[in-house]
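Chemist: Whenever a hint applies, use it, and build me the whole structure from the sequences.
Okay, here's what each chain looks like letter by letter:
Number of protein chains: 2
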Amino acid sequence: MSISKQDIIDAFWFRHACKEFDVAKPVSREDFDFILETARLSPSSFGLEPWKFLVVQNPDLREKLRQYTWGGQLQLPTASYVLVALLRKSAFMRYDSPYIQNFMRQVQNLSELACKIRTSILEKFQADDFDLLNSERSMADWSARQTYLPLANMMTAAALIGIDTCPIEGFDQNSLENLLAKELGIDRQGWGVAYLLAFGYRKADPNWPKTRQPIDNIVEWFE
Amino acid sequence: MSISKQDIIDAFWFRHACKEFDVAKPVSREDFDFILETARLSPSSFGLEPWKFLVVQNPDLREKLRQYTWGGQLQLPTASYVLVALLRKSAFMRYDSPYIQNFMRQVQNLSELACKIRTSILEKFQADDFDLLNSERSMADWSARQTYLPLANMMTAAALIGIDTCPIEGFDQNSLENLLAKELGIDRQGWGVAYLLAFGYRKADPNWPKTRQPIDNIVEWFE
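Chains A and D, in that order, are what the protein sequence lines are. For what it's worth, our numbering labels the leading residue of the first sequence as 16, then goes sequentially. For what it's worth, our numbering labels the leading residue of the second sequence as 16, then goes sequentially.
Given that identical chains are not distinguished, each listed pair holds provided it fits within a single copy or across any two copies.
Restricting the straight-line Cα-Cα distance to at most 27 Å, the calculated cross-link-like pairs of lysine-lysine (DSS-like) are:
hint : residue 1 : residue 2
1    : Lys139    : Lys34
2    : Lys20     : Lys225
3    : Lys67     : Lys79
4    : Lys79     : Lys34
5    : Lys225    : Lys131
6    : Lys67     : Lys225
7    : Lys40     : Lys79
8    : Lys79     : Lys139
9    : Lys139    : Lys225
10   : Lys34     : Lys131
11   : Lys79     : Lys197
12   : Lys67     : Lys131
13   : Lys20     : Lys67
14   : Lys218    : Lys34
15   : Lys34     : Lys225
Note that these hints are calculated values from the structure, not bench results.
Modeler: What follows is the structure, given as structure tokens:
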């Protein structure tokens, strides 16, 4: 590999929450497929990929999404691609669900013995550590955290090839999920919305410079 | 920038949850500082950086951490660096906390007028969208999700320069946080543990190939 650290750091400085995209300069499908591939290859707890990504290109649908989000008013209509990230809820993610049991066999190619062992470890994790099994909400939170891994990777991968993004975390969850159920047939029992992510090329440079705490404020060493 | 998409995809294939690191081949401090810099530059909701990273190098302390984690038995003693990621809880993250008010002024360099506007947007977000203000737990979950962004970025940045990682999500939260309070003076009222992340060079190649669902299983288009 021939990637320099400085090129990577430059990409982190390049990335910002882009407020408006250049509609005259669309992102190529090839580049977007590359970005989606970094989401697909992202890690997750037990490798269970508790996510799904809807790419919403239909302008009417984007306009409806826009009504229930804030911080996405200019981004949604101008983006080359708008992605809605869904998380898998408890019905899918319990150690004993058909989804998980099938996933271990069909995707992870585990032997029956390995499935049994993995299932018992997952059961222990879900029972002990965060009381996931007793709480729909804990299970959804667990999936949500995982779904932020492809979020970071998509933003970083885009920035590495000069493409801008805007993550959108502020939305009316209930109305947005009702909309997706009604318009796209997304089952609310199984799925929740984690975030939206818009892609494009910036129309203008950001209005203010990136700010961060100095490294000594966020890292403490114990030697 | 001269980063090829294939080099990036190769890094995603290179990354896996490394089970044991090569103690004879330490990661340089320069490379680790580069990885920490990608954490520092990671995005977060409202740019509020609700995190802190402890680098635990002391062998006795690592051994104590190891007692309360699982899935980190070989990683913790063999890693070049072990990082414990902390999230900021409600006491810090409420829109009206001294931390946030100071952060907007001292880190984000906002004018008094901009602080007022940003504060009222943050208040609305915390009050309306996820009922954060009424729930210690919701606020910690919100911070936890953000803290997964530098997690992904550190793993990806490491992989881009050929360094291995192992994220550790399975631990006894209460015992681990008590340990950090007792040994390192971490205030449990303000901080929670989000995850551990170990860094090093792999001792051996992984035992099984990476598996993922095909892209059509995780992406749906609406045009």
